[in-house]
Amino acid sequence: MTGDFKFDTLSLHAGHSPDSRHGSRAVPIHQTTSYVFQDSEHAAALFNLEVGGHIYSRISNPTVAVLEQRLCALEGGIGAVATSSGMSALFLTVLALCSQGDHIVSSSQMYGANINLFQHTLSRYGITTTFVAPNDPEAIAEAIQPNTKMVFGEVIGNPGMDVMDVPAVGKIAADAGVPLVIDATFNTPWLMKPLEQGANIVIHSLTKWIGGHGVALGGVVIDGGNFDWGQNDRFPTLTEPHFGFQGVNLYEEFGPAAFITRVRTEGMYNIGPSLSPTNAFHLIQGIETLGLRMERHMTNTQKMLEFLQGHEAISWIKHPSLPDHPDHEVAKRLMPKGAGSIIGCGIKGGRDAGRAFIESVSVASHLANVGDAKTLVIHPGSTTHSHITPEAMQAAGLSDDMIRISVGLEDFDDLKADFTQALKKASKVGEST
Amino acid sequence: MKTTLNTAEVFASTGGREFNASGDVIMFVHGSGQSHLGYMLQGRYFANRGWDVLVPDMPAHGLSGGAPLTSIEDMADWHVALMDQLGVKSAHVVGHSQGGLIALEMARRSGDRVRGLSLVGCALAIPVNDMLLGLARDKEPAAINAMVDWGHGPVGHAHDHTMPGQSHLYYGRQLMEANETGALFADLSACAAYSTGADAAAALSCPAQAILGQRDKMTPLKFGLQMAKAIGDETPTVIPNAGHMLPNEHPVEVNRALRTFFEAQK
Chain A
1 MTGDFKFDTL
11 SLHAGHSPDS
21 RHGSRAVPIH
31 QTTSYVFQDS
41 EHAAALFNLE
51 VGGHIYSRIS
61 NPTVAVLEQR
71 LCALEGGIGA
81 VATSSGMSAL
91 FLTVLALCSQ
101 GDHIVSSSQM
111 YGANINLFQH
121 TLSRYGITTT
131 FVAPNDPEAI
141 AEAIQPNTKM
151 VFGEVIGNPG
161 MDVMDVPAVG
171 KIAADAGVPL
181 VIDATFNTPW
191 LMKPLEQGAN
201 IVIHSLTKWI
211 GGHGVALGGV
221 VIDGGNFDWG
231 QNDRFPTLTE
241 PHFGFQGVNL
251 YEEFGPAAFI
261 TRVRTEGMYN
271 IGPSLSPTNA
281 FHLIQGIETL
291 GLRMERHMTN
301 TQKMLEFLQG
311 HEAISWIKHP
321 SLPDHPDHEV
331 AKRLMPKGAG
341 SIIGCGIKGG
351 RDAGRAFIES
361 VSVASHLANV
371 GDAKTLVIHP
381 GSTTHSHITP
391 EAMQAAGLSD
401 DMIRISVGLE
411 DFDDLKADFT
421 QALKKASKVG
431 EST
Chain B
434 MKTTLNTAEV
444 FASTGGREFN
454 ASGDVIMFVH
464 GSGQSHLGYM
474 LQGRYFANRG
484 WDVLVPDMPA
494 HGLSGGAPLT
504 SIEDMADWHV
514 ALMDQLGVKS
524 AHVVGHSQGG
534 LIALEMARRS
544 GDRVRGLSLV
554 GCALAIPVND
564 MLLGLARDKE
574 PAAINAMVDW
584 GHGPVGHAHD
594 HTMPGQSHLY
604 YGRQLMEANE
614 TGALFADLSA
624 CAAYSTGADA
634 AAALSCPAQA
644 ILGQRDKMTP
654 LKFGLQMAKA
664 IGDETPTVIP
674 NAGHMLPNEH
684 PVEVNRALRT
694 FFEAQK
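Listed in order, the protein sequences are those of chains A and B. Residue numbering for the first sequence is 1 to 433, as defined by the working numbering. Residue numbering for the second sequence is 434 to 699, as defined by the working numbering.
Hints may be right or wrong, so weigh each one.
Claimed, not checked - Derived list of chain A stretches under chain B, where covered just means 3 residues or more per stretch with a C-beta under 8 angstroms from a C-beta of chain B: (1) 46–52; (2) 60–74; (3) 77–89; (4) 254–265.
Hints listed in this document are in silico derivations from the structure and should not be mistaken for laboratory results. A virtual CB, placed ideally from N, CA and C, is assigned to each residue, including glycine.
Just chain B, with the same shape it has in the complex (with noise of 0.2 angstroms):
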């Protein structure tokens, strides 16, 4: 699906099926230099099974246009703006990472629009270090590189995959360099600024899952289970063995974790 928001021409991803807006929507919201292929497997999943998924591309990333947004703020601002567009009420919102973050604050700035939250390998807070953001600013492949690297768990490392015969790293490169040169350092620069989400998971007043890999690096395990205490989760879904892309990764468990959850709001 192609609209247009602020002048810039916006892709959604609706999982390959028409798109209702007043249908039960999910919005899935990617992390910091992905775009709605860091889904891939959870969109038609979803779409497939009566929901009406949306997985935008922020501007800049993926098939949108537009420059990249630069705060979190700004960013859960325009993924309910979207909403507005499309005529969309309310959804069920999951953040990926810094989708988590947004997603979060999308709860706090405009609770009545988010009816659940699932955040899957996230924090309250994803500080960067000024390495990566420096190698994001100036040698935007090296960063790539190495966020690739951390992020992905054994499986990708091993080249193993669920899906015959493809490559979760080589992939994830690809993935992350269609983006436009810029946008993962305008990401991680508003990753590294947001401080608020302890106060974003304190006002929540929906309900709240937390999807965690026990091996990830980015957003490590210790930091997910507190985030998971402070948005109410008791019985948060750890996934062994597993880094921090999640979604594509170990997409059975996401998905299990994930449809459990919607189907006990519904």
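The following block holds chain A by itself, in its conformation from the complex (with noise of 0.2 angstroms):
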């Protein structure tokens, strides 16, 4: 490959050469634990990042280090570690930077597990959280403190679908010397990619839209190598001496990979939440048609807000790409080509309606994830917050007549039909109740 390639070349050739013993042109899926060493003095060279190489699969493999480079090539980052899952990424970033008594400013609006790993999981080993409304910047500025080491929040939130202002939150999170953490799983580096807008690390979960077809699960933590480490003295993790690699100073030996490399000698070394080859081959196979499925999400979803829009048994519709989303304006300008795939609306009857709705779809399917090729429906108020009361769910930003709809790929005849009877089925429930 020669030459500055575009993002759907990118998709499918980044961060593989075909071998010169076997020329496989796909990416081979190299199944193994460990790796053999020429001699001795290679092993410690390994051992030292003095040569690129593998060593055992915890820390890296062939195949995940092809995805983890297409990831890169992607995003626009300088580095990445591809891990078991997106919570583990989340939690490898984290802990590449935090220690007892550092503090992180976090968006309020954003999945459940994310919440609760600051608020319970990180708490009860002294690191602290301050929760602010992720498209309230004024609010993020204040709540940044002496010990914070990091913002985080999610460009689509979960599932409330507030849109963070990136290029807004990363002035103020590099004014105040604090890398902006983003997670981009609901918007992919096709829609909007937020290195480029004034972030520092991208996380995704690799088990929605990259891979698109809800058959492994992954996660990424990306380094756009654009945050100076050494302007302050807030990060010692990656500026003094680091334990686990003969006291080298992470920022003085490598620079803007500092923080990527801390992660894989420090989160893949000590908690070792790897990705199987397995999954990292099918993953590649994912992000192979990765702008052709977001295309036609994106076209998809339009027409499924219009379906929406004109139906009589929808109380409400929230998406960033609707005017009157409170958040649209910052949508369309970070995100031209569309604001994600999942909608929330209101099926008026209430919980009993929604899930009646639930029920009734055959078509789409009734499960926990999102961002599947197939068209994905869930009612918070009959599932995942079943035992919560109404006032609990509306702070959460949920409502017990919510469904939330992953768009998928579908013909888009077949899914309006799916929805229409089911819309009657709910109707009928609500006109019941």
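Since each chain sits alone in its own frame, please combine them into the complex, following the hints.
Structure representation (structure tokens):
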């Protein structure tokens, strides 16, 4: 390959050069735990990170490395570490930056497991978090403390679909000498590249749109290399001798790659949430069609929005591309090709009508995932949040009648027919309650 | 390692090892718009194998302060002054690209301080076209993008890397953008103005080697081979399918060639 390649070309080729011995065009699955050293000196050189290569698949693996390099190419990152899930990617990021007594500023409107990690798990280890609305840059600025090590948020919040003004928050974080870490799962680099908009680190759950097929879990941390870790004394994990690596100062020896080197040399060595090579292979197959799929996701989402807007059984619709969404202008500026394929909507008739709708769809699947090629639906009021009061759901940005739709790639005529018949059944239930 | 030279703070990587100025010192000299990080895969490799490694950042580059130097001759004198400051009597000097011109000039001006010379991705002259000079002066990010694009070979453009999960192109951009504004223009201007490489090569009195990229667009192979002949290297190392950024893109081949040469000098 030569030249400066575009998105769809990188999706197919980046990170992989066919090997000279076998010439396999597809990325091979290196299903191995470990790698034969050439001699003792080679082994020592690998452990010292003097030469590239692999030691043990908990730390790195050739198939996983292709996935990491492909994602770097698509996001504009200098280095990446793939993990077993999006949650472990977030945890390794925190681990590389934070120690006991440190602080995080985080979006208050995001995936429940993220909230739980910050609020309940990390707090047990002395890392505290201030939660702030993602679309309130002033509040984010005010929440930053001298011991704050990262500002964190999602571009498109899950499930509330608030949109963070990444350039504005990125400037606030940069002015305070703190990195902005972004979970870009809902937008993917096809809709928006956070590193080009002022973010410093990007995290994905690869399980969702990046893979797109729903067959493999995975996560990734991507380092933009655009944050100066030595500008202040906030980041001793990167600017003081690293215990696990001959006391080397990562900032001095690896420069822009200090953070991602710490993620691998501490996170993967000492915690080890490694991605299996087979899952990496499946995720690579997904990436090859990411651009094509995202285009269809956006087309079908637009059609679905138009369908729902005109339907008598729908009481409200939430999507950042709609003019009445509070973050519509930000979404339009940051994601001109579309604001994701998740739609929130209310079914008239409340919780019972919502349950009836969910149990009546047949093309769409009722399950707890998003970003699949297949259309997915869930009714939080009768499933994930069924034990929670309407008031508590409202505080979490949810409502009793809410349906979350992850719009897939089916022929829209079939989706429309499926939703029409399911909404009809929901309406009957709603009328009788 | 940090020291002060001409009132400015200077950073030099020692490959993560204690530095012994009276040991077998290798000094790596970086190229235009680069820093010690351009030798990330050489510094620790040789430091962990018994050599005493010094990879300085020139003023306004990497972690060094001060104003950028403006001629190859001044850059050569600065490196010799740094050797004086640290008590290094002589060193094997490795120069990549512009660093090769500096190394050649160090040998010409202070021959007793250079025990051997390794010129990587280099030529006797490195002319810089007006368009790139103009970009470096007026639109530095565009100049960096152009150099990163031209500098990297097929491996870099394929986003392949010997270090798992890393990208040559984006790392290269961040490395260059971390330097002080104006440093790149000063470097390229110095390269463009330097015209005595052939004289320096003719005056060489130490062993010298050339390590060249077959597909180098910035110092094309035919000029690299002319340089090899001028410095007396009858068997230059030519790395197949390699571009200009040899030390990071092809570290195994570069380190093998350097090590063979260093060991032959012992």
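We went through each hint and held it up to the structure:
Check result for the region 46–52 of chain A against chain B: holds, 5 residues qualifying (beta carbon to beta carbon below 8 angstroms, three or more required). Evaluation of the coverage hint for the region 60–74 of chain A: fulfilled, as 10 residues show C-beta separations to chain B shorter than 8 angstroms, against a requirement of three. Taking a C-beta to C-beta cut-off of 8 angstroms, the region 77–89 of chain A contributes 6 residues in contact with chain B, enough for the three needed, and the coverage statement holds. A stretch counts as covered by a chain when three or more of its residues have a beta carbon under 8 angstroms from one of that chain; for the region 254–265 of chain A and chain B the count is 6, and the coverage holds.
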